[in-house]
Amino acid sequence: MIKPVLYVEACKFTCQMTDLLYTEKGLVTSLKEYIRQEENRLEQVKEWADKLDSLTITATQDPEGFLGHPVNAFKLMKRLNSEWADLESLVLKDTANGFISNLTAQRQFFPTDEDQTGAAKALLRLQDTYQLSANTISNGDLPGVVHKSRMTVADCFELGKIAYSEADYYHTELWMAQALTQLDEGEESTIDKVSVMDYLNYAIYQQGELERALELTKRMLKLDPNHQRANGNLKYFEFQLEKQRKAEAEKKEQEDKKREKKVLDKREAQRKRSKDPLPERKKYEMLCRGEGVKLTPRRQSRLFCRYFDNNRNPQLLLAPVKQEDEWDRPRIVRYHDIISDSEIKTVKEMAKPRLRRATISNPTTGVLETAPYRISKSAWLSGYEHSTIEKINQRIEDITGLEMDTAEELQVANYGVGGQYEPHFDFGRKDEPDAFKELGTGNRIATWLFYMSDVSAGGATVFPDVGAAVWPKKGTAVFWYNLFASGEGDYSTRHAACPVLVGNKWVSNKWIHERGQEFRRPCEIVSFGHVTPQYNSKIYKYV
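So the sequence shown is numbered by the UniProt record's numbering: it starts at 1 and just counts up by one.
Just so you know, these hints were derived from the structure itself, not from any lab. Among the hints, erroneous ones may be present.
Dumping the calculated PhoX-like pairs for lysine-lysine here, alpha-carbon to alpha-carbon at most 20 Å [unchecked claim]:
1. LYS246 with LYS235
2. LYS121 with LYS348
3. LYS348 with LYS473
4. LYS193 with LYS218
5. LYS193 with LYS222
6. LYS246 with LYS345
7. LYS148 with LYS51
8. LYS282 with LYS348
9. LYS148 with LYS75
10. LYS218 with LYS235
11. LYS121 with LYS161
12. LYS345 with LYS474
13. LYS75 with LYS161
14. LYS161 with LYS193
15. LYS352 with LYS377
16. LYS51 with LYS75
Using the sequences plus the hints, can you model the full thing?
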């Protein structure tokens with residue numbers, strides 16, 4: 001009786017040990033898997049470090065040039081906002097306290113989700129303004145690029161998701177379709193086709209293209225037959241498509257009866273449309289692309305270049321400035337070699353620490369505030385701060401003959417990726433009586449604009465109402481009057497700063513005000529159908 005008991009106890013002990021052996025074997029296997037995963041993790045970190053080491057070396061050799069490419073700027077935002085967080089999660093699996101503490105300390109300086117969204121919107125804005133395909137942008141085939149950068153599937157997918165979050169289904173479709181194309185071409189990515197198709201499908205449906213949405217749904221189900229949303233969409237799209245076809249058939253019967261009347265109505269509508277002016281937005285975007293400039297050869301022949309001394313101004317007698325007519329109505333002139341490289345360097349160095357999101361004057365309150373249609377950063381510099389600024393102000397006064405004491409400070413603006421300022425007036429209109437009330441210097445009589453950098457592509461100053469376009473050229477400045485000599489606003493001066501496509505645009509401008517110009521630019525009044533200078537009359541209006 002004893003032997004069986006001993007056997008059972010022995011067996012029990014042996015079986016437990018055997019299990020423990022298998023447990024230990026499993027632990028060893030798990031340990032090896034851990035080592036494999038750890039090696040893989042470290043290899044990923046090493047690859048990431050090597051890639052960024054090479055990228056940062058290239059980028060820091062020419063930071064402004066590198067960030068002048070909109071894709072590089074977007075990818076920098078995406079890396080710091082999203083990908084470094086992924087790396088942090090990867091490294092946190094180990095006790096890399098030094099790196100994590102440093103990364104955590106630096107995180108306060110990282111861009112936010114809002115910054116990443118802003119960079120994405122800038123890309124979409126450039127895409128629309130310059131009529132670029134998603135493939136062109138993704139391949140980095142932009143004019144004048146030095147640091148060509150290609151977008152990955154993940155980049156395209158992220159851009160599409162940002163458009164989707166803004167209910168912008170047009171751009172969602174463009175970028176999800178680009179992501180899908182790159183996947184179809186064999187690009188490796190952690191983003192799968194079904195995820196891309198899911199967004200693409202919804203974007204297409206939202207734009208009313210049921211047949212395309214249905215075809216894409218069927219393709220999704222071939223890849224993932226159990227996709228719950230796709231199966232639901234399949235039935236819904238088929239039902240809606242059948243309903244649409246029946247409605248179209250009924251509509252066709254009704255239209256056949258009214259065909260003759262409809263043709264007449266259509267012709268009338270087309271005739272009316274042909275008389276409608278082109279929307280300002282379209283004019284603006286065309287001019288930004290170099291299209292639609294309205295300067296005829298005859299008007300061009302009346303534009304000249306000359307040496308200009310402003311009626312023998314003592315400061316300009318020995319060294320008159322180079323003046324070029326850019327446009328006739330309104331008169332826009334450009335001055336060449338008007339600001340030196342050293343002066344530009346000083347202005348930029350002074351402005352950089354102060355750059356803040358640019359503001360506009362609220363037409364109702366006169367208070368400066370940010371606006372979504374002005375995307376740039378600006379700073380204000382006073383003449384008493386540095387002799388260079390004082391010299392620049394004096395130079396503007398010598399050339400224009402206008403008083404600078406009542407002018408606004410020199411405003412320095414930097415337009416980076418997608419930076420723009422949509423069509424606007426510099427002067428206050430009649431319905432904006434308090435536009436510059438706080439300044440107490442009257443309306444903005446004129447604008448002086450320095451170009452402090454060349455721009456590889458984009459960045460023109462355009463005047464949509466008259467079809468004028470002025471392109472940036474480093475070291476030059478343009479000048480125009482915002483008010484007629486009568487003090488009335490010149491509405492043809494409505495202008496815009498086109499988005500920077502490639503490069504980095506630096507400008508500085510001086511807004512010159514009415515007060516102090518009474519004897520420098522005498523007003524004029526209309527008398528018997530013509531304009532007459534009035535210097536001593538009681539009805540003389542000074543501006």
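query = For the pair supplied as a hint, LYS75 and LYS161, is the alpha-carbon distance within the 20 Å limit?
reply = Holds, at roughly 15 Å.
query = Would the pair LYS246 and LYS235 pass a check requiring their Cα atoms to be no farther apart than 20 Å?
reply = Holds, at about 17 Å.
LYS282 paired with LYS348 [C-alpha distance capped at 20 Å] = Roughly 33 Å separates the two Cα atoms, so the pair is violated.
inquiry  = Checking one constraint from the list: CA of LYS161 to CA of LYS193, max 20 Å. Satisfied?
reply    = Status holds; Cα separation ~14 Å.
ask   = Is it true that the CA of LYS51 sits at most 20 Å from the CA of LYS75?
value = Since the Cα atoms of LYS51 and LYS75 sit roughly 14 Å apart, the hinted pair holds (cutoff 20 Å).
key: Restraint status (C-alpha distance of LYS121 to LYS161 at most 20 Å)   = 11 Å, holds
message = Checking one constraint from the list: CA of LYS352 to CA of LYS377, max 20 Å. Satisfied?
response = 9 Å, holds
request  = Quickly compare the C-alpha distance for LYS193 and LYS218 to 20 Å and report which way the hint goes.
outcome  = 13 Å, holds
request  = For the pair supplied as a hint, LYS348 and LYS473, confirm whether the alpha-carbon distance does not exceed 20 Å.
outcome  = The hint holds at about 16 Å.
ask   = Taking only the CA atoms, is the gap from LYS193 to LYS222 under or equal to 20 Å?
value = 11 Å, holds
inquiry  = Holds or violated: LYS121 and LYS348, Cα atoms, limit 20 Å.
reply    = 27 Å, violated
task = Measure nothing beyond the straight line between the CA atoms of LYS148 and LYS51; if it is 20 Å or shorter, mark the hint as holding.
result = Cα-Cα ~15 Å, so holds.
In this structure, the hints that do not hold are numbers 2, 6, 8, in rising order.
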